[in-house]
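The numbering of the sequence shown is numbering that gives the first Met the number 0, which starts it at 0 and goes up by one.
Simulated from the structure, these hints should not be mistaken for laboratory data.
Here a beta-carbon is modelled for each residue, glycine too, at the ideal position from N, C-alpha and C.
Any given hint might turn out to be false.
Only pairs whose alpha carbons sit at most 30 Å apart, straight line, appear in this in silico DSSO-like list of lysine-lysine [unchecked claim]: (1) 44 - 98; (2) 322 - 44; (3) 262 - 250; (4) 250 - 322; (5) 356 - 250; (6) 6 - 173; (7) 262 - 322; (8) 16 - 250; (9) 6 - 16; (10) 322 - 98; (11) 173 - 250; (12) 44 - 16; (13) 16 - 98; (14) 262 - 44; (15) 176 - 250; (16) 16 - 262; (17) 255 - 98; (18) 255 - 322.
Simulated restraints on C-beta separations [said to hold, decoys possible]: (19) 102 - 167: 22 to 30 Å; (20) 241 - 37: 35 to 43 Å; (21) 17 - 318: 37 to 45 Å.
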Amino acid sequence: MGLDNIKGSRALVRNLKFCRLWPNRSSVSSTSTSAPRSRLVELMKSFTLHFIVTFAFTAMMWIEAISSEDFEHCTDVLFITLTMTSLVAKIFNNWHHAKIARELLEEWSDSPQFEVRSGPERDMWEREQRHFLRVALLYSFCSLGVVPCIFISAAYNYPNELPFLVWVPFDWQKPAKFWCLYAYQLFAVPFTCLSNVTLDLLNCYLMLYISLCFKMLGMRLAVLAPTEHRDSERQLRVQLLELIGLHRRVKAQAEKIQIFISKSTLIQILLSSIIFIFLAMAEYLFAMTLQIYLPSIYGNDVTHNADRLPTALYSCSWPDMSKPMRRLILCFMIYLNRPLVLRAGGFFEVGLPLFTKTMNQAYSLLALLLNVNNK
């Protein structure tokens, strides 16, 4: 039975389709003359849904935060508002670049070039997919798990407390209007939370897959060795050229992934430093920390596995090969020495240093605010 090498993305794609954040196959087809119209219709449906749920909800929270005269009340609203603002930026980025993610997943699933072989490759692939599933469940639980508690608490405190404080042009404490607004938030909050979590995990999965491709490539390079067969030299050259072609393709895909994640990750970096200052809920703090930590760790894996390729190539049986083959391996090794780094906004390197810089920036801003408050 063949291995489903994009198994970890199946649930993410289903969630994105439910949230109207994933293009239908017909809307991305370039052969159909009705493709532009179909794409426009799908985009209008998605925009209408998110305008009512996501954009309107975010706007009401911003008005509530700006119009508040109580600083503590403003900060209570602001840390959720900034998270929603980053989601709005991610949604527009996804609408613009979703075709990239879809084409990559389809190529990984259908192309024989990315077929996982049996043995150590398969074991490595299944292990990493299971690990990603556990990480996704943990992140989803931390992000979505607090939502039921908030709504149950608000229902018990009726009519004095809404689940989330927002501005509305009417007196929401009247019973009928309270429950209408409560029902609106009961749909909007889990929906936007699901959208946010899924978009974050999709970025992480794309980086995970590229890092696994580099790891798989290193495993194949390390076992290159001549045999006693008469056509051994020719077969070895064909294998090496195939691996060089695979590396070039994976590197091109990494550049596409950088386009897909660049703006959304940049927005998350800039806003996370501010959000951390206003956090008072331990579970939400942990979820926000994961939100910036996960892309950092998966982006770091891409760079780490790409940097290990020269070592893997050097580990093969190159001393037993012919002079032309050794020359070809030397040229490829020189090419592999070029570092591969994913960047957010063309500036921030997506890796573990990014996480530490974000946390350090948040601490610096918090210390500045505390000093101003003391004075």
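Taking the hints in turn, this is what the structure says about them:
About 17 Å separates the Cα atoms of residue 44 and residue 98, which keeps this hinted pair within 30 Å; it holds. As the CA atoms of residue 322 and residue 44 are separated by approximately 61 Å, the hinted pair breaks the 30 Å bound. About 20 Å separates the Cα atoms of residue 262 and residue 250, which keeps this hinted pair within 30 Å; it holds. For the given pair, residue 250 sits about 28 Å from residue 322 by alpha-carbon distance, which is consistent with the 30 Å threshold.
At roughly 26 Å between alpha-carbon atoms, residue 356 and residue 250 fall within 30 Å of each other, so this suggested pair holds. Distance hint between residue 6 and residue 173 is unfulfilled; the C-alpha atoms sit about 48 Å from each other, more than 30 Å. Only pairs whose Cα atoms come within 30 Å are accepted, and residue 262 paired with residue 322 is rejected, the gap being roughly 46 Å. At most 30 Å may separate the alpha-carbon atoms for a hinted pair to count; residue 16 and residue 250 meet this at roughly 28 Å.
About 16 Å separates the Cα atoms of residue 6 and residue 16, which keeps this hinted pair within 30 Å; it holds. For the hint linking residue 322 to residue 98, the alpha-carbon distance of about 44 Å lies beyond 30 Å, and the restraint is violated. Taking the CA atoms of residue 173 and residue 250, the gap is near 59 Å; set against the 30 Å cutoff, the hint is violated. For a cut-off of 30 Å, the pair hint linking residue 44 to residue 16 stands: about 12 Å separates their Cα positions.
The suggested pairing of residue 16 with residue 98 holds, with an alpha-carbon distance near 13 Å, which does not exceed 30 Å. A hinted pair counts as satisfied when its Cα atoms are at most 30 Å apart, and residue 262 with residue 44 qualifies at roughly 24 Å. For the hint pairing residue 176 with residue 250, the CA-to-CA distance comes to about 55 Å; that exceeds 30 Å, so the pair is violated. Under the criterion of a C-alpha separation no larger than 30 Å, the hint pairing residue 16 with residue 262 is consistent with the structure, at around 22 Å.
With a CA separation close to 11 Å, the supplied pair residue 255 and residue 98 stays within the 30 Å bound. Taking the CA atoms of residue 255 and residue 322, the gap is near 36 Å; set against the 30 Å cutoff, the hint is violated. Evaluation of the 22 to 30 Å hint for residue 102 and residue 167 yields a failure: the beta carbon distance comes to about 42 Å. About 38 Å separates the C-beta atoms of residue 241 and residue 37, a value consistent with the hinted range of 35 to 43 Å.
One distance hint, 37 to 45 Å for the beta-carbon pair residue 17 and residue 318, is violated here, with the actual separation near 56 Å.
In terms of the numbered hints stated before, the structure departs from hints 2, 6, 7, 10, 11, 15, 18, 19 and 21, listed from lowest to highest.
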